[in-house]
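Listed in order, the protein sequences are those of chains A and B.
Position one of the first sequence corresponds to residue 99 (our numbering), numbered consecutively onward.
Position one of the second sequence corresponds to residue 982 (our numbering), numbered consecutively onward.
Accuracy of the hints is not assured; some may be wrong.
Said to hold, decoys possible - For lysine-lysine, the following DSS-like pairs were computed, each having C-alpha atoms within a straight-line distance of at most 30 Å:
1) A:Lys347 / B:Lys1359
2) A:Lys476 / B:Lys1258
3) A:Lys476 / B:Lys1266
4) B:Lys1266 / B:Lys1325
5) A:Lys200 / B:Lys1341
6) B:Lys1266 / A:Lys200
7) B:Lys1119 / A:Lys373
8) A:Lys476 / B:Lys1341
9) B:Lys1258 / A:Lys193
10) B:Lys1061 / A:Lys252
11) B:Lys1346 / A:Lys380
12) A:Lys373 / B:Lys1364
13) A:Lys193 / B:Lys1138
14) A:Lys380 / B:Lys1341
15) A:Lys200 / B:Lys1346
16) B:Lys1137 / A:Lys252
17) B:Lys1359 / A:Lys373
18) B:Lys1364 / A:Lys380
19) B:Lys1258 / A:Lys200
20) B:Lys1364 / A:Lys347
21) A:Lys380 / B:Lys1359
22) A:Lys103 / B:Lys1341
23) A:Lys252 / B:Lys1138
Just so you know, the hints here were simulated from the structure itself, not pulled from any lab data.
These numbers come from a predicted model, not from an experiment.
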Amino acid sequence: MYVIKNGTLYTMGRQGVIQADILVENGKIKKIGKDLSHEGGEMIDASGKCVTPGFVDAHSHIGGIGPGTEEDLNEITNPLTPELDAYYGINPDDKNFEIALKQGITTSCLAPGSANVVCGWVMAYKSAGKDRVVKRPVAMKGAMGINPKGCYSKTNQAPMTRMAIANIMRTYLKNVKDYMKKKEEAAADPAKMPPFDLGLEHGIPVLEKKIPLKVHSYMHDMMTVLEIAKEFDIYITLDHAQGASDFYKELQDPHVQGVIFGPTAECLFPGEGGKLDPECCKGLDDRGVPIAVMTDGPVTVVNMLLFEMGEAVRNGMDPVRALAMVTSTAAKIIGVEDRVGSLEEGKDADILIWSDLPSCATDAVLEQVFVDGECVYKS
Amino acid sequence: MLIKNGNLHDGCGSVKKGDLRIVDGKIAQIGENLAAAEQEEVFDASGMEVLPGFVQAISLWGVNGSMQEIRPSSNDNDEKSNPITPELDGFYAFNGRAASVQQLGAYGVTSCGVAPSDNNLFGGTIAAFAVEGVNPYKMCLKRNIGMMASVTPNLKKTYGTRPAAPMTRMWIFTNFAEHLRKASEYKETPEKPSDDKLTALQKVVKGELPLFVSCDSLTAVERVREITDQYPNLKLILVNGFGLTGEEEWIAERKIPLVIRTAANPMEEDAMDLDLKAIAAFAQKGVPVALSGTYTNSLPIREDLLWNGAEMMRVVHDPEQVLSMITSTPAKILGLEDQIGVLKEGLRADIVIWSDHPMKTYQAKVVRTYQAGEVIYKEGDEKTCM
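Okay, chain A solo, but in the shape it has when bound (with noise of 0.2 Å):
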């Protein structure tokens, strides 16, 4: 047990922005308060310092793709594989969750890559600690555009269009939904049981809405993946969103549980990559769509939480708004908002603490990171 002693918190909870000391025992928040002592406890001085919740990446691969791996997220011999969990696919002594953790990142959002279509289970991890897996399964994982396109057009198979991706996708949840009105009816005449089918059984929380569809899509994907939401009624998430400032109307639909933008470290390419729009992500707070950002890691450069955080503020975002989508906003749209992305009592005690503001101050240099109470990085 210690304190961590009058520091500037930004609790992205109900508290907002408050001057005061944080209690940390049996690595939770165990109290938030002025004057805070514990008797034999340690003491953090943070007096002058910004004490952020750690940060939570809503959308990576690290553990599971690039190099210090084995290539374990992408399964790209079938593009329907939603019995496939991304739990199976994780390194935990990757050193990228070493790089994730100089960046603040004590909670990613592991998902498999987007190869296929629909790719498999997505769960919450932390990047140190003992008892790593926050919550599994927080998705199911799909993918539009040109990944599916581009990996199966090579070998002449399906899907080498949209319009291929679409019929799978929306057959895929077709048959999950069949498949739970048999297992209904099998209630009353056990005959009527359908056979064991882990890919259909892996569809029947996202049919639930108890998690979402969390599907890469760019530009006009998204609205496809709108349709199929409305269709079937279940929660998505849009993940990279590349010009989601082209649909902010559509985009207000109780049907998507958040749009995760990023990363911005791309260029203008033809197709899907037309458009870059991190003032989306603005736009999309002002109207009350929920959005974090991602850092989509390993792929995209070191820091890029704070980058992208930095973007929607160069782009006229609040400085606080903006560390919501990488703390409060980001645990809430992955469904782990019970846990971490707040500085509140009773919360998984994953602090940071920063010699300034990191989504204002190009310069600010994160200190100390703490995950479940320990401390697992100094700078």
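Using the hints, position chain B against chain A.
Below, chain B alone, put in the same frame as chain A:
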């Protein structure tokens, strides 16, 4: 036209409040209380920061390739049919519209260097361009800036896997040394047709064409030093800075320019070994340090210089010093110091007016960007799409 009352950052460390006059695309006058001539356009920059346009020393701007054209193809700076192509001219890799469509002025960038890729041992010469325009001949600031060389594992990845040479570092360094030796001994004779490759490399050995060498590690840097040390006139420029510790005295003593390609991408294992503290230490010792774009041929990023500046800010906390690394220093390394990179009378009016200091805060926005005195972007302009 006249820019009034701005905080003028010259790109070399000096900041003062003042006025700046643009005439015929050049900075004609810098001073205090300059009076507007009759019918002269005046821009009130009170409370704003006036900076030189950013110069990206080595970039992929304007370079077309498979992501831009309908036929599967190599990037136009990436002639990976032969690892030794010093006779090629990087100028031809540049397409004006391909650069313009990226609207780099909105990100504070007004000029960029275009170099052959890291996939060839000697790739060809480097050229530099303005970012907005159509005709490369009109946009070009300078050709034959230097020779681009690479001793990185990209050669092995490109050729070794075919399989073809180079498959090993032995081949890479042996051929690096041998080609420079042959070039140093090369004499054109009437009996034989001239050798384009050796002719091009002879300029390098003689010091007429600086040699930009992309290295992936400290060992590679040391091997390059051993080999190039034999040619006293050769002008060496080190690209990337991977593996440097700050202790390499010879770099500090000889003031070997460094072009740092940061924004390290974890997908590039080589790019992870960059110690910005070491790079900052060299800068303190007077070594010219330019921050540039991303390593290798991944998609270029329009915010590269802003972000690389922020990375350096976390180390040195000195916005004017970091600004010099993306303005005056890259201009000097590219041999463009008589044209761009500094707010100085007589230079091109490549000027960006910011709402705040972009090296200090993400809240800094581009208010307007001038390329040779012409406004190429102003706040509120529609962002381009494809």
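How the hints compare with the structure:
{"no.": "1", "hint": "A:Lys347 / B:Lys1359", "in the structure": "holds (27 Å)"}
{"no.": "2", "hint": "A:Lys476 / B:Lys1258", "in the structure": "holds (17 Å)"}
{"no.": "3", "hint": "A:Lys476 / B:Lys1266", "in the structure": "holds (28 Å)"}
{"no.": "4", "hint": "B:Lys1266 / B:Lys1325", "in the structure": "holds (25 Å)"}
{"no.": "5", "hint": "A:Lys200 / B:Lys1341", "in the structure": "holds (20 Å)"}
{"no.": "6", "hint": "B:Lys1266 / A:Lys200", "in the structure": "holds (28 Å)"}
{"no.": "7", "hint": "B:Lys1119 / A:Lys373", "in the structure": "holds (28 Å)"}
{"no.": "8", "hint": "A:Lys476 / B:Lys1341", "in the structure": "holds (23 Å)"}
{"no.": "9", "hint": "B:Lys1258 / A:Lys193", "in the structure": "holds (21 Å)"}
{"no.": "10", "hint": "B:Lys1061 / A:Lys252", "in the structure": "holds (22 Å)"}
{"no.": "11", "hint": "B:Lys1346 / A:Lys380", "in the structure": "holds (15 Å)"}
{"no.": "12", "hint": "A:Lys373 / B:Lys1364", "in the structure": "holds (9 Å)"}
{"no.": "13", "hint": "A:Lys193 / B:Lys1138", "in the structure": "holds (23 Å)"}
{"no.": "14", "hint": "A:Lys380 / B:Lys1341", "in the structure": "holds (21 Å)"}
{"no.": "15", "hint": "A:Lys200 / B:Lys1346", "in the structure": "holds (27 Å)"}
{"no.": "16", "hint": "B:Lys1137 / A:Lys252", "in the structure": "holds (25 Å)"}
{"no.": "17", "hint": "B:Lys1359 / A:Lys373", "in the structure": "holds (19 Å)"}
{"no.": "18", "hint": "B:Lys1364 / A:Lys380", "in the structure": "holds (16 Å)"}
{"no.": "19", "hint": "B:Lys1258 / A:Lys200", "in the structure": "holds (16 Å)"}
{"no.": "20", "hint": "B:Lys1364 / A:Lys347", "in the structure": "holds (20 Å)"}
{"no.": "21", "hint": "A:Lys380 / B:Lys1359", "in the structure": "holds (20 Å)"}
{"no.": "22", "hint": "A:Lys103 / B:Lys1341", "in the structure": "holds (28 Å)"}
{"no.": "23", "hint": "A:Lys252 / B:Lys1138", "in the structure": "holds (21 Å)"}
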